[in-house]
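Participant: What follows is the residue order along each chain.
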Amino acid sequence: MSTINYSEKIPNNVNLGEDRTLQRALEGWQPNFIHWWDDVGPDNSTNYEVYLRTAVSVDPQGWAQFGHVKMRDYRWGIFLNPGDANREIHFGDHKGEKAWQDIPGEHRANLRRIIVTQGDTEPASVEQQRHLGLTAPSMYDMRNLFQINVEEGRHLWAMVYLLHKHFGRDGREEAEALLQRQSGDVDNPRILGAFNEKTPDWLAFFMFTYFTDRDGKFQLSALAESAFDPLARTTKFMLTEEAHHMFVGESGVSRVLARTAAVMNELKTDDAQKVRAAGAIDLGTVQRYLNFHYSVTIDLFGADQSSNAATFYSSGLKGRYEEGKRTDDHVLKGQTYKVLEVHNGQLVEKDVPMLNALNEVLRDDFIKDSMAGVGRWNKVLEKAGVPTRLTVPHKAFNRQIGALAGIKMSPDGRVVSEAEWAAQKAEWLPTPEDFAFVASLMGRVVDPGKFAGWIAPPVMGINRQPVDFEYVRFG
Amino acid sequence: MDMAVDAGVIKQHLIDPEICIRCNTCEATCPVGAITHDDNNYVVRADVCNACMACISPCPTGSIDNWRTVPLVRAYSIEEQFTWEELPSELTPEQLSAAGIDASQGLPAAEPVLAASPDTAAGEAPFNSAAYGATVPPWSAARAFANLYGPKNATTATVVGNFNCTEAGFENQTHHIVLDFGSMPFPVLEGQSIGIIPPGVDAAGKPHHARQYSVASPRNGERPGYNNLSLTVKRVTQDHQGKPVRGVASNYVCDLKVGDKVQVIGPFGVSFLMPNHPRSHIVMICTGTGSAPMRAMTEWRRRLRKTGKFEGGKLMLFFGARTQQELPYFGPLQSLPKDFIDINFAFSRAPGQPKHYVQDRMRERAADLALLLKDPHSHFYVCGLKSMEEGVVLALRDVATEAGLDWDTIGANLKLEGRLHLETY
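Going down the list, the sequences are from chains X and A.
The first sequence lines up with residues 0 to 474 when you count with numbering that gives the first Met the number 0.
The second sequence lines up with residues 0 to 424 when you count with numbering that gives the first Met the number 0.
Derived from the structure by calculation, the hints contain no laboratory data.
No false leads were slipped in.
Label-pair distances were calculated between CB atoms; the ranges are: (1) X:Pro-103 with A:Pro-277: 50 to 60 angstroms; (2) X:Asp-328 with A:Lys-151: 17 to 27 angstroms; (3) A:Asp-46 with X:Lys-97: 31 to 41 angstroms; (4) X:Asp-328 with A:Val-257: 40 to 50 angstroms; (5) X:Asp-446 with A:Arg-301: 49 to 59 angstroms; (6) X:Gly-66 with A:Gly-403: 32 to 42 angstroms; (7) A:Pro-87 with X:Asp-269: 26 to 36 angstroms; (8) A:Asp-46 with X:His-34: 52 to 62 angstroms.
PhoX-like cross-link-like pairs, simulated, lysine-lysine; straight-line CA separation at most 25 angstroms: (9) A:Lys-373 with A:Lys-414; (10) A:Lys-205 with X:Lys-324; (11) A:Lys-256 with A:Lys-233; (12) X:Lys-216 with X:Lys-197; (13) X:Lys-337 with X:Lys-407; (14) A:Lys-151 with X:Lys-324; (15) A:Lys-151 with X:Lys-97; (16) A:Lys-151 with X:Lys-216; (17) X:Lys-367 with X:Lys-349; (18) X:Lys-324 with X:Lys-94; (19) A:Lys-305 with A:Lys-337; (20) X:Lys-94 with A:Lys-151; (21) A:Lys-10 with A:Lys-242.
Backbone N, C-alpha and C fix where the C-beta goes; we use that ideal spot for every residue, glycine too.
Work the whole structure out from these sequences, hints included.
Facilitator: Structural data, given as structure tokens:
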């Protein structure tokens, strides 16, 4: 077995160099991780040298070091945000007690489940995105994709560290299983539905990073409040990386819109077929992709009423988004929250105990954040003088999980019959023709500074580099 | 140097609302709490931002890296920034000069205060001294720790000394403060700074933000072997226009008694660091309390002197103040051996004497400076008021040019190799 130089190869601030037990566990796991990367990581990229950001420490100077590296040699590190020795639990039944450095026995199973579920999404998205490098619309975009891929890899390391360090043998087995499940595998799929969907093209990728990685942001934010201090500090640091993923999504869709608006203005048309014929993605298709990714993603927050959510909160395992900035009692007993239910085929609002509705609370925070970004997309259209606006579909649209799963709903919030749903579906969700059209645009553009015809160049490059910088060197 | 003249213009740090994705990374990263947000925008408080650049590389979008030259009194407030949908354009030179005259009652506008932005102005560029300042440390610098403590987890230090180090009874007081950190880790290197948070709240009821001070002691402490450091703090009694004002932090610090506890954040700075290899030369150019890092570097070399390791390395100091009485550490400096350090004082207000500025002294020493400019082991450090920076860098350029050297090459190398450091305020 190869020995690892821990400070060099695995940058960390968890004293890995002196922790023999942890070293042995990671030495067993690391070769399997590399095999996994080689097997299902970015396709055909072994010899590429990519201009990547690597975290080598958690201070502002150390956490964003840029340079060309081969992804296989990326230094996946293990980092906890700087800690506070006096940190107290600030919500739930243990409020006011000291944060836990080790896991209390009674919470072990739940915490393991939380960490495994979070950890499972990280390699899943790498698998979902593995072929996208072959159709990158530019070198700049290819680099951004690979940056996301290696950071999802690092997030897997972060979760595996917690499993190895705090869960003994069970943890090691769970860490192995994270490399064995595979996105879309019928026999051994990833845990959550959205992570078994395909990411077939770059528009889907941008929508995924905008919406689905934003689910990641909210889940990580809720875990960053956890009473289990190592989990809180790990996820806090992951959030700084997650921001880049949402940037890729938000700016990616913005650039698609900018290009489409330019074509519409050039041809003086809003006819989808003419826009398509000119090689741009019509706004209707963009809206349908948005509807799909949004609805699939809000399912990720789970059932609207959940006793697990209540348990996780009261026992201090998982807080709310920005728990520390909220001004209620942080215990929530006796408080209520409004959720939607289907009653006689119609949607009704209903007050339920807030503790049971915490999935819904987090979902609503996500929705607010998502809508703000869609507003910024609309500014791009507004600025270009295009009157069409994108909208976020109704919360009950196309839901598969929770109380709203049974209802047929139009994006604008009308309950519709099965017949109307069937008739209108093709206007609301991407059709096979939409996917085929978008796929037809996906060709590889890799000359520095050149961009595919369906997307505008970014306004600036990465790390103050010019847009036509050689972000990827092909070996 | 004239201590009363100060910048009327700042380079204000702003975030581009069209590119920003509101991810909160900058706000979470900022070591001094200068960044905040509402539902619309992320914004930077001009009076708190110290251009430490900690937020720049973590920003995923690049929207963080925007700078506008504005008159200090017209700096964009955060309330204004909250309403923006796009960045305002740069003020035209006409607007600036008009505003500059309004703002400083006839005083010409000085160079922008923050030097960190890339110069994007089109057309012919005026001499931009800041462009020569390095952002990397010398190769032989020790590894610095930075941002161990922020406003949310400040550490506590105890005052173990507070001396007025200007001549007794003289109105402009400079204090030498010694802080002890007890058992809390607070490793610093010469050239780094720390932040002190004054207790209480400001007029708006918000807690005071931290003020930054350069460390004046070497890495092993003011008192070697103890967990302590020293600062040089000038009591602020008038504002940039010369109107009487009581500086909140400087008066707080100057009035501290031995045994008092202070809230400290930092350390800050990872590039203004001294070289540590034998035969490395250090040229130090400073005014007033800008002497703090120079004292730290000088003292570290003095402590190492008996090792003999640095015999081949020269120390040269250009030190400006209005008068000898205002010069911190004048006495101790005088007693350093001449073969250890080459000291050049410049007094701009000595009675009966013509005004002398540090750049005048530098030009007088052109022959020696030219030799040092040629030598790849030479390192230049400039610290003091912003208004000195351009004059000092221009003097270096002229010394080089007159010696037949190519300043463009030398200047570029000094920056690239971390051998010219500018810290002005």
